[in-house]
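Chains as they are written, first to last, in our numbering: chain A, 1 to 369; chain B, 1 to 369; chain C, 1 to 369; chain D, 1 to 369.
Hints are not guaranteed to be accurate.
Identical copies go unnamed one by one, so any copy, or any two together, can satisfy a pair.
Said to hold, decoys possible - SDA-like cross-link-like pairs, simulated, lysine to any residue; straight-line CA separation at most 25 Å: (1) K151 x V358; (2) K308 x N131; (3) K151 x V71; (4) K308 x Q105; (5) K308 x D47; (6) K151 x A204; (7) K247 x D331; (8) K151 x A304; (9) K151 x A320; (10) K151 x I248.
I should point out that these hints are in silico values taken from the structure, not numbers from a laboratory.
Note that the structure is a prediction, hence the values are computed from the model and not measured.
What follows is each chain in one-letter form.
Number of protein chains: 4
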Amino acid sequence: MWGRSGWGPQARGVGLSTVRDLSVGVIGAGYWGPNLARNFRTSPDWDLTAVCDLDAGRARKVVGPRSTVEVMTSVPELLARADIDAVAIATPAATHAPIALAALQAGKHVLVEKPLADTSPAALQMIARANELDRVLMVDHTFCYTPVVAKIRELVADGSLGDITFVDSVRINLGLVQRDVNVFWDLAPHDLSILDFILPGGLAPLGVAAQAADPLGTGQPSVGYLTMPLAGGGIAHVHVNWLSPTKIRQMVIGGTRRTVVWDDVNPQQRLTVYDRGVDLSPAGRTDKAAINVSYRLGDAWAPALPEKEALGQMVGEFAASIRAGRASRTDGPSGLRVLDVLEASGRSLTQHGRLVAVGQPAELTEASA
Amino acid sequence: MWGRSGWGPQARGVGLSTVRDLSVGVIGAGYWGPNLARNFRTSPDWDLTAVCDLDAGRARKVVGPRSTVEVMTSVPELLARADIDAVAIATPAATHAPIALAALQAGKHVLVEKPLADTSPAALQMIARANELDRVLMVDHTFCYTPVVAKIRELVADGSLGDITFVDSVRINLGLVQRDVNVFWDLAPHDLSILDFILPGGLAPLGVAAQAADPLGTGQPSVGYLTMPLAGGGIAHVHVNWLSPTKIRQMVIGGTRRTVVWDDVNPQQRLTVYDRGVDLSPAGRTDKAAINVSYRLGDAWAPALPEKEALGQMVGEFAASIRAGRASRTDGPSGLRVLDVLEASGRSLTQHGRLVAVGQPAELTEASA
Amino acid sequence: MWGRSGWGPQARGVGLSTVRDLSVGVIGAGYWGPNLARNFRTSPDWDLTAVCDLDAGRARKVVGPRSTVEVMTSVPELLARADIDAVAIATPAATHAPIALAALQAGKHVLVEKPLADTSPAALQMIARANELDRVLMVDHTFCYTPVVAKIRELVADGSLGDITFVDSVRINLGLVQRDVNVFWDLAPHDLSILDFILPGGLAPLGVAAQAADPLGTGQPSVGYLTMPLAGGGIAHVHVNWLSPTKIRQMVIGGTRRTVVWDDVNPQQRLTVYDRGVDLSPAGRTDKAAINVSYRLGDAWAPALPEKEALGQMVGEFAASIRAGRASRTDGPSGLRVLDVLEASGRSLTQHGRLVAVGQPAELTEASA
Amino acid sequence: MWGRSGWGPQARGVGLSTVRDLSVGVIGAGYWGPNLARNFRTSPDWDLTAVCDLDAGRARKVVGPRSTVEVMTSVPELLARADIDAVAIATPAATHAPIALAALQAGKHVLVEKPLADTSPAALQMIARANELDRVLMVDHTFCYTPVVAKIRELVADGSLGDITFVDSVRINLGLVQRDVNVFWDLAPHDLSILDFILPGGLAPLGVAAQAADPLGTGQPSVGYLTMPLAGGGIAHVHVNWLSPTKIRQMVIGGTRRTVVWDDVNPQQRLTVYDRGVDLSPAGRTDKAAINVSYRLGDAWAPALPEKEALGQMVGEFAASIRAGRASRTDGPSGLRVLDVLEASGRSLTQHGRLVAVGQPAELTEASA
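Just chain A, same shape as in the assembly (with noise of 0.2 Å):
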């Protein structure tokens, strides 16, 4: 049916496949926790056992009524159960990693909110230890799912847009204004997870430059921008915004041959990709002083995409990279490389913006344009 929110038969594939559901509980049941749990309760490729939450009321509502998903307050019990193949993991980020460690040792797969831990050791041991145990770590990078984003990384992969010259992601909103996080390690790791996967060599910037402020004096920065120098002279920059009235989610991947817009809060025209931009003649390359600019004002372009829930998917290639026995989409090395650059912003942060290398606490010392 057209345009309409397909929850129809034909959406899914309930009945066809002929093996067996995978089981899973949901471990949280606060904010990313419920949506965790419809996606798999809905999905033809699991079976939702059990919500487990230190409150049994709010787990209880989150399985509603008339249901037998089981509601469980103890994740040691949860993780004893053989009936469970995999916990999916929604609880505050110092917890992830202590949880996901005894899921995995308990020979549970494990799907992670983002992000991956709180520190990139925590997360190093996880990777290390779901290899070791040869069971799948996957990390919630939720937008990775979307098929706007898998457009944008097929444009970039196929060549469509050239190389890539910037990268601007805007993402601003009233946020809540949390006390025990920054508006970095809260908002950014959808931005630096997008650019992981869209990016050729995944998230690799040349260093990462931070400037934030906390004009309430809330004790945590609400308003912050990182800059990343890209291989090759390209830019990234993210703009992640707690005090902004107005929802702006936009992404600009500028490219040599062309560039993308994409604007998720416009539903009837997320992506847009231009023929357009600044032509050098090849000789300008070279020789900067016979530099010859010239311009091409082409058409632009809105690739159709499909309609699919971007959790739904997520779900599915959780299924699919533990039944194949291979790594997820987006997979534990994926979340330490978002959280590598999360510690060095807060790296630059310290040194008054300066340009810092990512994963090593050592100043950068290259210039970087």
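Keeping the supplied structure of chain A fixed, place chains B, C and D upon it in accordance with the hints.
Just chains B, C and D now, kept in the frame of chain A:
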């Protein structure tokens, strides 16, 4: 007449005024000069006497057919004329100071296209000379004469926004990649002059951090970001970009009480005032452990704005300040403040984007956030 | 939480109520039934007891896994159950009346998907039967339960708009071209039910003129226009269209004092109230030769609207009207008024689009304008 | 230069042409005359010799200061001048025919502001006289000279859209409520002239149905709807409205292959071509019982459009048609076809909106749909 161009008789006060028109010569018939000439020509305050350019044909084209406006090719000859009260300089930035100084010396009032000069010492000299000779020195910060910027200034000044928490300005479009000027010097004067006009104390950031890229290898940055911590804990940020296929001109001015969004490419609703934001309990400000955050999700409001061409207002202000013997709304010092930030951005670029002080070459020693 | 889906515990009042939940069965598991089922299931007022469809598999899919909601295939068996208080009918329009009449006879309260019935005599019979048996008969005019329509109704009722001068509604999108129903019967019930809800006297046009086309030769109009002169000199107009590649859902409600624009595909600003318009001097109204027209070009205002799912509000109203023994906000007579206009549109189509009276087959003899 | 107003020397071909400029006088210095004068003045093809108005002051204002363009107050004197090749008439509609006939008689080529005349007999006389005297008679259907309309015409002509299924045009804004002309005569000439320009056979509807309202009691309809069945089963519809606080100028041109949406108030993307629609199997067209509907949900495409001022193109076409001795793209007959539909709309209004034939006062007897 409604929603129409207003090129009607009622739009101008021709014939009502008893004061004699001021006589002006426009110097430079390149990109901006024709716009100045057009507005002087249709202004009730001015008599456009001459257009001067080294290339007579270019000047003649600005003057157009069946016109008695004179075409001149010599600036000294223009300045020597006793029947000319003022000149408007629209030549390359490096020539602003010498031409302006000569014009002041010749007793002319001077309007200069932005930026005021190419260096702050040159600008200081222009300001000093205009003071000594009691002539008006004005810089054409065009946006300061738009109805939307006038409204924003009013909302800031009357306390409607509360304290400014952040300003985020985006000015991106396909732009002429230039070899002698980078993207900051080309585009950021607009944003900086607007900030100078609307911020309570003018443009006086605690420092400037600049990040930029030249992904096409043209020898000049074509994508750039400026970050400026503000007194009081707020932050201003400017994104300028010559490589974007879409034109975005948006400024968000966040305040503790209300927040304004100016979307200049939306002629239907350029300015929206949001009565939304984050509130802290009074206790929260002093005792951070006990901070109490709440949210206002109020109405939005789009004030009616008159339709007035900014350049027409600007040349009117030039005449009014000459007649009243007062500084114009965008005087020499405002041009200098913009220049100081542009120069600081260059110093920051050479220091890996570190925050540097404005107005002095020494590195900033205080931390920003 | 801000700008988020609100699937949190605070969103619902489960456990707070001391009244017992009402029990409901949903009849029809095709396109709309699943939406009704989902909302009954998550409503604090309702216990979804059964889903009934001739196709058990389709009903089972609506119920989903790990659920104790019953699947039934016989309407008589459902109606015979004493533990069911109400039914919601989401079957083809021609079956609404027989099922509803049987349900009322069985003592059930009845909610019917729009349109109320396929003919006005059938609707009249349903209304009469519900009155005799003292049961609630309600039609699911979903849009009347959106915050935006509630706000518009309020603005009309409190005089903010003045007298209504015109209503223009556009509802176009790629739609399922159907063989048994034309575009008016499929889409216009939405517009007509909204008009019924917001106009001071309900939907009571002076006549209906309909124009339509079937450019693809499918046997049913897929593009249609309804024009309805209103008492007082105003006019309402509806454009419905299955062939448009873009989704436009826009309603402009013009008033002598203010005018409202509802753009339903703009989630950032669905509703804007314009303090603009045309003013006539008081003399103007009586003495046309001396008419004095002036214009107001005032501010625009976008009222904050709560985020509430319309269907959740609708099933809440169904419960509230049952408990209070009162008519619902979208009762049988409102469904009948919508039906009367739809039937009149058919008569107009057969008369070259001539204006015809509503509610009686005779041609309208008074002129409209 | 990019994204700029292009008021530069390269924009015009002054000096390149060896043909002598044509000399023109503009008659009427009210609302539209100044726009014509401005474009003749800056056109490489034309020499604006005189502006003529009964009110010399008004004409002088159009001419402006320091100009040798002559101000005249007598049309006969203007027409008597041998040095004038052509006149442009921008006076009230009722005076178009007498002035144009006199001008043709005097050997001038004639451009007339829309509508061509106030009655179709007057228009027929103008057309006949221009033919006899071998002069160009052209109507200023300005929109036909915009790049966007040129593109739409091309897309229709080359089959990109397939057969036209519907055209829906909305042109609403706060407009000058007028006592001597209704909203159809004021605004619909734009829509009708565009239809005439883009439809394969020109504007030749099977009939016209008009509905209108005068909710303010000004004596003239200020809200109006035109419906026009097209040969082949399609339908065209026009909504014109002086009372809307927001400006909507949108035209959707539906085709069996693709559909075009023109949103004239969105300068970022005025024109979008959607490769979406409804497909019928070949069998479906002949055997309705076996009809087979499917959907295409393809990409959208926004063709690059040059930035050209329509009026500049229009005066260029006037010169070109004079020089080539050919009919202009918007000639007398096109003005007459527009007039015929306007007159038919008046007849329909007096018959309760019934569909009436175009071009003859008799009622239409064939059904439309």
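Practice problem: List in ascending order the numbers of the hints, as given earlier, that are violated by the structure. | Solution: The structure conflicts with hints 1, 2, 3, 4 and 7, although it agrees with all the remaining ones.
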